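Asks: The primary structure of each chain is shown beneath.
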Amino acid sequence: MDLIDGHPVLDFSHGEKISFNFDGKTMEGFEGEPIAMALHANGVRVYRNTPEMKRPRGFFCAIGKCSSCFMVVDGVPNVRTCVTPLKRGMKVETQNGRGRVELSCDEASRS
Amino acid sequence: MRELKTDVLVVGGGPAGLSAAASAAGAGANVLIVEGDLHLGGQLVKQSHKFFGSKEEYAGTRGFEIAKILREEIANCEDRVEIMLNTTVSGYYREERVVTAMVGEEEYLRIVPKKIVIASGAQERLIPFPNNDIPGVYGAGAVQTLMNVYGVVPGKRVLMIGAGNIGLIVSYQLMQAGVEVAAILEAMPRIGGYWVHAAKVRRLGVPILLRHSIKRAIGETVVTGAEIYELDDKFNQVGETEVVECDTICLAVGLTPTNELLWQAGCRMKYIPFLCGHVPLRDKCMRTSNEDIWMAGDVSGIEEASAAMIEGRIAGLGAAKALGFNIQDEMFGEYWVRLKNLRAGEVGEKIRAGVLNATVDGWEENA
Numbered sequence: 001m002d003l004i005d006g007h008p009v010l011d012f013s014h015g016e017k018i019s020f021n022f023d024g025k026t027m028e029g030f031e032g033e034p035i036a037m038a039l040h041a042n043g044v045r046v047y048r049n050t051p052e053m054k055r056p057r058g059f060f061c062a063i064g065k066c067s068s069c070f071m072v073v074d075g076v077p078n079v080r081t082c083v084t085p086l087k088r089g090m091k092v093e094t095q096n097g098r099g100r101v102e103l104s105c106d107e108a109s110r111s
Numbered sequence: 112m113r114e115l116k117t118d119v120l121v122v123g124g125g126p127a128g129l130s131a132a133a134s135a136a137g138a139g140a141n142v143l144i145v146e147g148d149l150h151l152g153g154q155l156v157k158q159s160h161k162f163f164g165s166k167e168e169y170a171g172t173r174g175f176e177i178a179k180i181l182r183e184e185i186a187n188c189e190d191r192v193e194i195m196l197n198t199t200v201s202g203y204y205r206e207e208r209v210v211t212a213m214v215g216e217e218e219y220l221r222i223v224p225k226k227i228v229i230a231s232g233a234q235e236r237l238i239p240f241p242n243n244d245i246p247g248v249y250g251a252g253a254v255q256t257l258m259n260v261y262g263v264v265p266g267k268r269v270l271m272i273g274a275g276n277i278g279l280i281v282s283y284q285l286m287q288a289g290v291e292v293a294a295i296l297e298a299m300p301r302i303g304g305y306w307v308h309a310a311k312v313r314r315l316g317v318p319i320l321l322r323h324s325i326k327r328a329i330g331e332t333v334v335t336g337a338e339i340y341e342l343d344d345k346f347n348q349v350g351e352t353e354v355v356e357c358d359t360i361c362l363a364v365g366l367t368p369t370n371e372l373l374w375q376a377g378c379r380m381k382y383i384p385f386l387c388g389h390v391p392l393r394d395k396c397m398r399t400s401n402e403d404i405w406m407a408g409d410v411s412g413i414e415e416a417s418a419a420m421i422e423g424r425i426a427g428l429g430a431a432k433a434l435g436f437n438i439q440d441e442m443f444g445e446y447w448v449r450l451k452n453l454r455a456g457e458v459g460e461k462i463r464a465g466v467l468n469a470t471v472d473g474w475e476e477n478a
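Residue numbers (the working numbering), protein chains in the order written: chain A, 1 to 111; chain B, 112 to 478.
Among the hints, erroneous ones may be present.
As the list claims (entries may be wrong) - Label pairs and their computed distance ranges (CB to CB):
#1 B:G316 to A:E28: 32 to 40 Å
#2 B:G316 to A:R98: 42 to 50 Å
#3 B:G444 to A:K54: 53 to 61 Å
#4 A:R98 to B:E402: 35 to 43 Å
#5 B:L115 to A:P51: 32 to 40 Å
#6 A:E28 to B:A455: 37 to 45 Å
#7 A:G15 to B:V214: 14 to 22 Å
What the hints assert, rightly or not - Pairs of lysine-lysine residues, derived as DSS-like cross-links and limited to a Cα-Cα distance of at most 30 Å, are as follows:
#8 B:K461 to B:K451
#9 B:K451 to B:K395
#10 B:K179 to B:K311
#11 B:K179 to A:K87
#12 A:K25 to A:K87
#13 A:K54 to B:K395
#14 B:K326 to B:K267
#15 B:K451 to B:K179
#16 B:K267 to A:K17
#17 B:K381 to B:K451
#18 A:K87 to A:K54
#19 B:K166 to B:K461
#20 A:K91 to B:K267
#21 B:K345 to B:K461
#22 B:K311 to B:K267
#23 A:K25 to B:K267
#24 B:K326 to A:K54
#25 B:K311 to B:K381
#26 B:K179 to B:K166
#27 A:K17 to B:K461
#28 B:K225 to B:K345
#29 B:K267 to A:K87
#30 A:K91 to A:K25
#31 B:K395 to B:K166
Unchecked claim - Just some of the chain A residues that point at chain B, by a computed CB distance under 8 Å:
#32 I4
#33 C61
#34 R80
No lab work stands behind these hints: they were computed from the structure.
These numbers were taken from a predicted model, which means no experiment stands behind them.
The beta carbon of each residue, even a glycine, is placed where N, CA and C say it ideally should be.
Excised from the complex, chain A in its bound form:
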């Protein structure tokens, strides 16, 4: 991970180092820190591709306000990865387009 070493003012305290999966690759990150930060530390820059223009998007505001970092997390699309905590074994995927939510027949008939 590309982390800052020997900062003159700040001491960084991280949580437990854990593994997660990004597009089939195993990566390391710190539990409880936002997914987007762990990806950035692992050199990942493209988080999704837009629905119409197929433009790459990544990190932008980091405070859950801009929607640039939407990804598919454990099968759920449009997750704001900059404010969603990383968990052990999480499956994170680049989101292409709007993302799909699979509805079971049960859920579909209820809504």
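Add chain B to chain A, keeping to what the hints say.
Replies: Okay, now just chain B, sitting in the frame of chain A:
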């Protein structure tokens, strides 16, 4: 759907929201703080520089240390303050006076507050240029979050856009984190931020290019450079376009209030350029035209965290007073004096004019 009830709902756990929660709880009210991020403190947590101003407003203390002080104050309010993190307010339903919120990405809940303090803060502005959407073009606040909160290296070589205080401070912080800053561009003919901040980066050899702007970001999928150019008095290009190699373009071109909830609540709004966008009209106690809603901090106009904290104290007292808690009028008076002192002098000129333009003498009851 889960439903929560509270005396005072505080939307946003930054400097303004925490101060509002502390003063409302101190007066005896039960408070619920709803914060979208994973921690309290808002943007204070990434401010590694020491604050200016007066001692009362934590001058000489680093931003993240001020966040700690506020968090401790909240912790001392014990069971009168409840905190929900990673929870984003998504709507206000005027007829029912119900606020909806989302916990994480999955659970929705209803909150029924008696009074609300909206301290939702601000968001980064974006300037238009081709390719400004590709990865590597980051807001200045986002770069601070990456490097100062989570210790992640944001890039190898950064081009900073904007020589206001944020652009200057973040440039210095990038160098503290071991990142090279290629240059700071500023479209205006002079540096917008304080002289001391500019002097610090100049001493380290970073060029501040006045009358310069970005023409486009270069890169197929991620930023590999930027085209920059010089401007004349009418903001037209003079001379040749130059290429700067960089993997990150950091935008420090200002903030704008996160005001959607106030619009939705039907609060009377006004476009005030000195306050950086549409802001709610307010009385001296920070109450909006909606009799149940107060505001504090950047959502009421972009200003420093020191002012946000005082506004928070005022708004919290205002909400508590409206609930019938015993609040002496002198308590407001003390905060008004502190705000006035903060906004004194040449630096506060625009804020003073903006606030004056946004302030009403009082609201007609039941309006």
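Asks: Now tell me if each hint is right for this structure.
Replies: Tested hints:
1. B:G316 to A:E28: 32 to 40 Å: Between G316 (chain B) and E28 (chain A), where Cβ atoms are some 35 Å apart, the hint holds.
2. B:G316 to A:R98: 42 to 50 Å: Holds: the Cβ-Cβ distance is about 46 Å, inside 42 to 50 Å.
3. B:G444 to A:K54: 53 to 61 Å: Hint holds: Cβ distance 59 Å, inside 53 to 61 Å.
4. A:R98 to B:E402: 35 to 43 Å: Check passed, 40 Å falls within 35 to 43 Å.
5. B:L115 to A:P51: 32 to 40 Å: holds (35 Å)
6. A:E28 to B:A455: 37 to 45 Å: Distance hint for E28 (chain A), A455 (chain B) is violated at roughly 51 Å.
7. A:G15 to B:V214: 14 to 22 Å: holds (20 Å)
8. B:K461 to B:K451: holds (13 Å)
9. B:K451 to B:K395: holds (12 Å)
10. B:K179 to B:K311: holds (27 Å)
11. B:K179 to A:K87: At roughly 26 Å apart (the allowed maximum being 30 Å), K87 (chain A) and K179 (chain B) satisfy the hint.
12. A:K25 to A:K87: Holds, because 16 Å separates the two Cα atoms, which is no more than 30 Å.
13. A:K54 to B:K395: Violated, at about 49 Å.
14. B:K326 to B:K267: Since the Cα atoms of K326 (chain B) and K267 (chain B) sit roughly 21 Å apart, the hinted pair holds (cutoff 30 Å).
15. B:K451 to B:K179: The given pair, whose Cα atoms are some 26 Å apart, holds under the 30 Å limit.
16. B:K267 to A:K17: Given that 30 Å is the threshold and the Cα spacing comes to 24 Å, the pair holds.
17. B:K381 to B:K451: holds (22 Å)
18. A:K87 to A:K54: holds (29 Å)
19. B:K166 to B:K461: Status holds; Cα separation ~23 Å.
20. A:K91 to B:K267: holds (28 Å)
21. B:K345 to B:K461: Answer holds: K345 (chain B) to K461 (chain B) is near 23 Å, not above 30 Å.
22. B:K311 to B:K267: Roughly 20 Å between the alpha carbons, so the hint for K311 (chain B) and K267 (chain B) holds.
23. A:K25 to B:K267: Within the cut-off at roughly 24 Å; holds.
24. B:K326 to A:K54: holds (22 Å)
25. B:K311 to B:K381: violated (37 Å)
26. B:K179 to B:K166: It holds: about 17 Å lies between the C-alpha atoms, which stays within 30 Å.
27. A:K17 to B:K461: violated (47 Å)
28. B:K225 to B:K345: Given pair K225 (chain B), K345 (chain B) is violated - Cα atoms ~52 Å apart, limit 30 Å.
29. B:K267 to A:K87: Within the cut-off at roughly 28 Å; holds.
30. A:K91 to A:K25: holds (10 Å)
31. B:K395 to B:K166: Judged against 30 Å, a Cα distance of about 24 Å means the pair holds.
32. I4: holds (5 Å)
33. C61: holds (5 Å)
34. R80: holds (7 Å)
The structure fails hints 6, 13, 25, 27 and 28 (numbered hints given earlier, in ascending order).
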